[in-house]
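In terms of our numbering, the numbers along the sequence shown are unbroken and rise by one, the last being 129.
Treat the hints loosely; a few may be bogus.
Claimed, not checked - Distance ranges between label pairs, derived from CB positions:
| # | residue 1 | residue 2 | range |
| --- | --- | --- | --- |
| 1 | G116 | G55 | 35 to 41 Å |
| 2 | G48 | A123 | 51 to 57 Å |
| 3 | A98 | G55 | 22 to 28 Å |
| 4 | V108 | G48 | 19 to 25 Å |
| 5 | L39 | R95 | 20 to 26 Å |
| 6 | M19 | V113 | 18 to 24 Å |
| 7 | F126 | G65 | 38 to 44 Å |
| 8 | A52 | T109 | 40 to 46 Å |
| 9 | S27 | Y74 | 17 to 23 Å |
| 10 | L77 | F126 | 27 to 33 Å |
| 11 | T90 | H54 | 34 to 40 Å |
| 12 | L129 | F37 | 46 to 52 Å |
| 13 | M100 | A128 | 39 to 45 Å |
| 14 | C29 | V113 | 38 to 44 Å |
Note that these hints are calculated values from the structure, not bench results.
Think of the CB as a built atom: it goes at the ideal place given N, C-alpha and C, for glycine as much as any other residue.
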Amino acid sequence: MRRYRYRCSVCLTTSPTAFHLDDLTAEAEGHRKALHGGHFPDGEHAGEIDRLGRWYVSLGPLATLHARLSDTLADLRHPADMGRPLWASVTAALVIGGAAALVLAVIFAAL
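The task is simple: from the sequences and hints, build the whole structure.
Okay, structure coming up:
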């Protein structure tokens, strides 16, 4: 399940977690109309977050891969929760490590 948040850098407020883009859009439009007269504040942003509340765009490529994989695994059991269980994080790390080892094995076998 995807999670989204809206952040207004002028008011220094962050919306609660939304699980659908329509809810995120409504939250952002409501904030703009109520506090900014319908104008777009400078520096506002909205986007997808992981189960720990971190913006995916602020993570590096490997951290994003790990976060997406572990979030997907954790969502299999509890789709609407926040937070990440240890088993999901460890499983994601093992999958990424196993894939890297397999790629290295294939490369060395080809040489």
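Here is what the structure says about each hint:
no., hint, verdict
1, G116 with G55: 35 to 41 Å, "violated, 53 Å"
2, G48 with A123: 51 to 57 Å, "holds, 53 Å"
3, A98 with G55: 22 to 28 Å, "violated, 34 Å"
4, V108 with G48: 19 to 25 Å, "violated, 40 Å"
5, L39 with R95: 20 to 26 Å, "holds, 24 Å"
6, M19 with V113: 18 to 24 Å, "holds, 20 Å"
7, F126 with G65: 38 to 44 Å, "holds, 39 Å"
8, A52 with T109: 40 to 46 Å, "holds, 43 Å"
9, S27 with Y74: 17 to 23 Å, "holds, 18 Å"
10, L77 with F126: 27 to 33 Å, "holds, 30 Å"
11, T90 with H54: 34 to 40 Å, "holds, 36 Å"
12, L129 with F37: 46 to 52 Å, "holds, 48 Å"
13, M100 with A128: 39 to 45 Å, "holds, 44 Å"
14, C29 with V113: 38 to 44 Å, "holds, 40 Å"
Comparing the model with each numbered hint stated earlier shows that hints 1, 3 and 4 do not hold.
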